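Peer 1: Top to bottom, those sequences are chains A and B.
Here this note's numbering is used: position 9 in the first sequence is 38, and no number is missing along the way.
Here this note's numbering is used: position 483 in the second sequence is 484, and no number is missing along the way.
Certain hints may be false.
[Stated by the list, open to error] Interface residues of chain A toward chain B, partial, derived using beta-carbon atoms under 7 Å:
{"id": "1", "residue": "His74"}
{"id": "2", "residue": "Ile100"}
{"id": "3", "residue": "Thr109"}
{"id": "4", "residue": "Ala114"}
Bear in mind the hints are in silico, worked out from the structure with no lab data behind them.
Computed from a predicted structure; not experimentally measured.
Note that beta-carbon positions come from the ideal geometry of N, C-alpha and C, so glycine has one too.
One-letter residues, chain by chain:
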Amino acid sequence: MAMIEKLTRKDFMSDQEVRWCPGCGDYSILAAMQLLLADLGVERHNTVFISGIGCAARFPYYMNTYGMHSIHGRAPAIATGLAIARPDLDVWVIGGDGDMLSIGANHLLHALRRNINLVIVMFNNQIYGLTKGQYSPTSELGKITKSSPFGSADQPFNPISLALGAEATFVARTHDMDRSHMQYVLNRAHQHKGASFVEIYQNCNVFNDGAFESLTGKENRQDKLLMLRDKEPIRFGQDARYGIGLDQDGCLRIIDTDLEGTEKILTHNEYQADPSLAFALSRLGASETEPRPMGIFRDIEREDYGAAMTAQHEAAQKKNGHGDLNKLFRSQATWQV
Amino acid sequence: MTVASDKRRINLDALVIRFAGDSGDGMQVAGDRFTAGSAIFGNDIATFPNYPAEIRAPAGTLAGVSAFQVQIADHDIYTPGDSPMVLVAMNPAALKANIADLAVGGVLICNSDAFDKRNLEKAGYQSNPTEDGSLDNYKLYSVPITSLTLEACKDIGAKPRDAERSKNFFALGLITWLYDRPYQSTLDFIKLRYAKNPQVVEANTLAFNAGRHFGETTEAFESSFEILPSQLTPGEYTNLTGNMALSWGLIAASTKASLPLFLGSYPITPASDILHELSKHRNFNLVTFQAEDEIAAVGSALGASFGGAIGVTTTSGPGVDLKSETIGLAVSLELPLILVDVQRGGPSTGLPTKAEQSDLLHVLFGRHGEAPVAVVAAATPAHCFEAAIEAVRIALMYRTPVYLLSDGYLANGSEPFCIPDPEELPDISIEFATSPNKILSDGSEVFWPYLRDQDTLARPLARPGTRGLEHRIGGIEKADGTGNISYDPANHELMVRLRAAKIERIADSIPPLQVDDPDGASILVLGWGSTHGAILAAVNEVRKLGKKIARAHLVHLNPFPKNLSEILNRYETVLIPEMNTGQLAMVIRSTFLKDVVQLNKIQGIPFKVSEIKAALISLLDGGQL
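So that you can see chain B by itself, here it is in the shape it has in the complex:
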């Protein structure tokens, strides 16, 4: 893996690094900056921020540990990495919470100033691990980060308490030197981000530079490492989190549909960043509305859709439950509506900042009556962009609510996003009704809001303000065609079946599922959502061992691609890794009468590549999971 180039420079092909400290230690900022610097340098990147739900849990405790993991590489990577090779621990609690993940032989940088008796006790250490030999399996560097930061800032007159807050930049500076990252972009960032407070700019700059110089001049670090730029597909890139990519996808969809975007949202972790991002771009044809609750958020979005906008609501966890009744109404009204569910651990409040794929059955079935909706799931942070456009396309074309599934891991994780040419994005515009569509027996021309297109089964949409097409719609069962209230038994059955058939028709417009199977395998790994990266990396590793594995990843979960049944039956064994107890597995079994092997993880953290790899090897060896 390592090739020596000269005595002090060693090339690495990939590096996984984790910054860990108290919630208030600025670890997310440090990790984020390290990522941005690496992305600009041309490395492929994948990140995984992992932080507690509490804004500031008691300092020094395990509950308050916040971490940011990033993998950077000179080649395509799919996950933030299983085990960090470098761990920065700003205090004993951060060490305790993360040391088990550090690869044996990995680099461990501890802020020795924080390893005092009180902090050691808070973290539950009987003795100082940096001194008692218990960390002998790692390359341990004890660096007095706090005091060196204070020393660096002593001349600018900052109070020690304020100066100490720059210690994350000292750590970042040290790592920047150690892994030969570009530093100018971080200096620029400091100037811009803290522009309102010149003393903070100065303190952070001094701390950052002190960290770099410390690495360069200290004998302790014998060598530095570099990771060459990666070989991504040529193009222009920017680094995006899933929430940003999803927001941009919605803006692009609105632009390509030539329709205004209306976001009705109530703040909730980890979906709120979509509200924040869209709120910034008011120069586009969009409105963001922070509603009084989750119900009003989806209600306002539906009202906007009735008015001819693309109504969107974003939520997570309990918010998904609260929207159910309105979604049922949208199913009945047959109006476009986008429901973004950034899944988190449940039930109830559950794990607000952790990822899970546990809402699949809920979004498929969680409404009273038979109320089918389309479901699209994003696979990677950057894919959130494309998935958002696809969700809007389906919603507009089929006049239906569409669930767009993301999760906490995709939402906050980031990767390079290849900037598309807007002209190349699909045109997803639709036609609205402008004239009557039915001639009655007496010769009068009328507008029937439920007179369907025979291909798509979609109904015509007449926007309020269109002269002569005045009509009323509602949640009471309506007669097909006229849309008038109808309690007729046969009509109700017809409408239930029509609404379901319309969702099934969506399959006509989605691409067949691609199977990645170069060798003619007998085992298929079928994934959906954020397990994409870990599955892909695991499959690649297994293939390197000379073994055959097929892989497919579902983006459309309702309806499924038309060829899914045929694909499932092509393979002896189908493995479905999911961050739940087996929800896709249940749907596949019941829909296709095909048994599958489940691999489930419900810990609020994504699969490691090694976990999926181990399952594949076990199956290949004829074993069971």
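If we strip away everything but chain A, and leave its shape as in the complex, we get:
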């Protein structure tokens, strides 16, 4: 057996100078990815990063793998064709919230529902960065930007709810301030067969600085972030004082264990076929009193599109034999002249 040399982050760094603004959250995501792929020992030549347009979409240029920087919004569609044609490859899709939820939202939804074998990573900074600061489909209502001087009147998307509604089989959220959690989530997404959707809260320090500070800042995390863990009670806060339970009207509610104990706290199950609880969890954090869940909302098994296509191809070959032009040309009535 050949010696396998341990890969390092350097193996995954391309020779291109990274051109994001200094201090951008994209740097930490890039580092997390390069370190993770080195740790996993993935084969660079079997790895492809496909992106659309936007700051995040420059990502493939910095990865020493195969890559394509395509056009605005279309990365999931292009990656779909690649993943179907080449089931042997590891295909990643990288984009921002404008790329994937505005101009390309349709492709994202369809890639998820079809369960194309892709890892789709959406950097959410709630702003348009490359075009210098307009509101995005995840910007909060009332957001003041260059294109919304009187406040945005657009109801934002909740990306996790959207992905679950689109029948995604793997849905997760992490953030750029926690490398080890990012790597855990990305690794799990990578292991999942089918379409994986990962939302990463990412700070744009130029046009939307501190958008997630109240959640992801070190001093705020304990109270504001709810770390989802499979088969564990859904708890958060100092000493895990609070938990999530179900109200009589079917809505989630916060349980203070000091008052009610722990028995009514729900247990998280990533592998639950029914998406109802995952969806309810995705709605948490809408108000300031609620925590924002991080981690894996859903990870279920469903045949991926490429596998279904391969099965059809094999069945057709079994039934009709390998494609033969002579047979094709005579597949309907012929006559001699």
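Knowing the structure of chain A, use the given hints to seat chain B on it.
Peer 2: Chain B alone, transformed into the frame defined by chain A:
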């Protein structure tokens, strides 16, 4: 034209027949079966289905009329014929919509059951034309097709409403007898096609046979006609529509390139049949993917091309607009990509089921920035096969998007296809990069994705999965050679010129344009696309009058064959018939500073032979159009 052989048998050399009825009357099936029967008999055939965009427009109205025209002949023919000699009209609306085309003296068969007051009113007739003498110029046969069909089916217990649906087979049976067509293949077809519903098989069979027997036993039809087999080039034939021929061409191209075929497509008339046909042949190395929209269709095809497959997308009309941005990316990435545009009437939704040649300028120029692509146009339904292989050859060899133009007339029209020997088809395989292609000054070996072949200017293609050749490509301008992002002004100009020069280089690999000019004419008819048949037939007719006409037909529209300039300058007058307002004419004038005479038709229906013939005669007589 007619030679009597015996009292009841008359030989015809060609016959043009049109079946017309409501959209739901099964006229396309009747026409299709008549064609298939004739093709198997060895006649040359050319068909023209003409139907509304609405699936079922209100019954009995002019909007709902669907027609199928076929020409069958004992010799080579090039079009479905100008004017039908036989018209089958299943109701007054079908009569009204089609009677103007019927040749004077032609045979007119009307379903008299449908000529009631209500239907006559719906079609806008004040009185019954089959009774008021207005059709005296034709050989009119009023046949109660509906009631005879019901009568034929009465014993099998079918509801009258169901039995009535077999009336198209009664009409087909009658015509089959009248023109002495083989009938067994239609009986076999009925069994196979309706196998799931034995009662329908029985009803259609009874109706078909009743129609045949009606013709044979009714005094009304004094004689039947026969068309002898034609003298096509020896070989084995099958009847193909343009969409089928194009699909088979793509499969053949994939086989001859030893590469998988990936079709990304979104359903759209009249291109969808290519998606349907390719979907059937999953035992070949191909995948069909019905995308969520036109943009994803072309995007997925481009992604597959990046992976080393032959990425194809098929579309028409508005779909062509939607793909433009991705095609620009493919131009920048320099990846093979096949864009099939089955042209239809525009703008916007336009005429979805009708043919036009109005996308030529769009496919040549319809992208932002300077984004040249190769363009190949099919000339006849069967030629779609060859054109598809040629499009794939160019795309692979030059790593470029190629537009393959067809149109609604070619797509649905059919003709005999001479089955080729797969071994004789061209080998269009290419080599992919497997090792570094550049040594840097420090001695390291690297892969430069834009280090071009000096002959073709094509870049090397390294498929993902190839160890050591990892690289990134994108839509941002890139440095020639390395492919790295470059905003350098001089490099951008170089790349714009290189991309254009690469498309021009394709001309090195295409055959010179052939001119059909036996007599040394001074007038050249230059055509492209589906006008081929009408031009050829018109030129032949004019030559029969002893006049000189030259003819050439362009398959490659970008780049043009290298000898086109020389050919154009050889002729005093160049006539360009086009189903648009003069798009090739504009390109020829601007490219070669050669004035041309335009002949344009923008009615959603093909040129008649007589229209082109009249233009030629006018030009020959020194007149103007």
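Peer 1: Each of the hints needs a verdict: does it hold here or not?
Peer 2: Hint by hint, here is what the structure shows:
no.	hint	result
1	His74	holds (4 Å)
2	Ile100	holds (5 Å)
3	Thr109	holds (5 Å)
4	Ala114	holds (4 Å)
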